[in-house]
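Each chain, written out:
There are 2 protein chains.
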Amino acid sequence: MLDKIGFENGLLIETICSTENPDGSPHSAPIGVKRAGMLLSIDKLFKDTITFENLVRSGYILINLLDDIETFYLATFSDLPREEYDKSYSTRIPPLRRSNAFIEAELVNFRDRDNFVSVELSISGILIRKMKPCFFTRCKHAVLESLIHATRVPVFRRIDPKEAGSLMKLILHYRDLVSRICPEEPYNRIMNGIVNRLRDTQI
Amino acid sequence: MLDKIGFENGLLIETICSTENPDGSPHSAPIGVKRAGMLLSIDKLFKDTITFENLVRSGYILINLLDDIETFYLATFSDLPREEYDKSYSTRIPPLRRSNAFIEAELVNFRDRDNFVSVELSISGILIRKMKPCFFTRCKHAVLESLIHATRVPVFRRIDPKEAGSLMKLILHYRDLVSRICPEEPYNRIMNGIVNRLRDTQI
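Protein chains in written order, with the numbering used here: chain S, 355 to 557; chain D, 355 to 557.
Everything labelled a hint here was simulated from the structure, so no lab data went into it.
Keep in mind that the hints are not guaranteed to be accurate.
The list makes no distinction among identical chains, and a pair is therefore deemed to hold if it is satisfied within one copy or across any two copies.
To be verified - With a straight-line cut-off of 20 angstroms between C-alpha atoms, the simulated EDC-like cross-links for lysine to aspartate or glutamate are: (1) Lys441 to Asp554; (2) Lys441 to Glu474; (3) Lys484 to Glu517; (4) Lys486 to Glu407; (5) Lys486 to Asp554; (6) Lys401 to Glu460; (7) Lys486 to Glu362; (8) Lys401 to Glu362; (9) Lys484 to Glu474.
Computed from a predicted model, the values in this text were never measured in an experiment.
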């Protein structure tokens, strides 16, 4: 099934992982998930995250597979509002409404690595919701790379300003790329949103 | 139909375009294709390319939509061998065997811009071949960005060494990313292949 949906062995994919808060509401965050045979892994899950707390407490995670860049943008900088979720299927956690598929997984074990853990997950279910002929877009990935870098810039500004500078350079490179090759909605707007956020953080 | 397959208005997608050589054999090259309403456009098609010659002569192009990075790697640096194509459907040009969909298009007009042209195409057919739940992978796109930059490095080394240096820096950034997050086949091998090719060009 994993092969069939294109999630090849060894491949790291960018997902939005949903976990259950103590009050039963869902929490989502963009997380890279790698396939290792029939198991999945999260290489670096920081301990100061809600995802870590929820995963350790409930032992359960719903991995949304999607190619909607707007949802990644929303999930990177804020809690996703309830309307971004669909009704739940078999489990208590609802999938994101724009997800193309989701994987239900359970915590097998985690290795402690100081301020983060490496997580191993077993798959309990896969549901395909939307299928399309997949192709490459530079625009969407310029935004995705910028989102990933953007979460690290404020941290590195405190502990490694040179690395923060390198990441900012990459983000500005992607903003130029997007404004040149895909100035249409939503790409340019999101790129400007990312750059403005980082500018505000700096002040 | 374009909306249905995720090819939204204004979106630039990375495709492999096939055209027909004078002897009837197919020729393929990676080309960015943008949607503008119900028309498609290629912003920069260089006049010294086989694609340009074939398109102007035959007035016809087959646009392969695919997310197979190995095919992009092969098509960037060499002619695709016959076994990379399937049998042809309605037209004389066969689609690539790893394409998820293809669009048949006809030349509407082109604007002359010195050493390149801007091309406008009308769609005569769309065929969906393989569908999957689409998602994002940093690895595949690191390779794709590197392939796009790699074709420009040798040119810029002659006319703008500083720009060539910037592109090389980006490629090395992607090689580091790939070797860190997806050292599995085929990503690392392709990245090393790209860097080695550029090293050979330099000598």
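Tell me, which hint numbers fail for this structure?
1, 2, 3, 4, 5, 8 and 9
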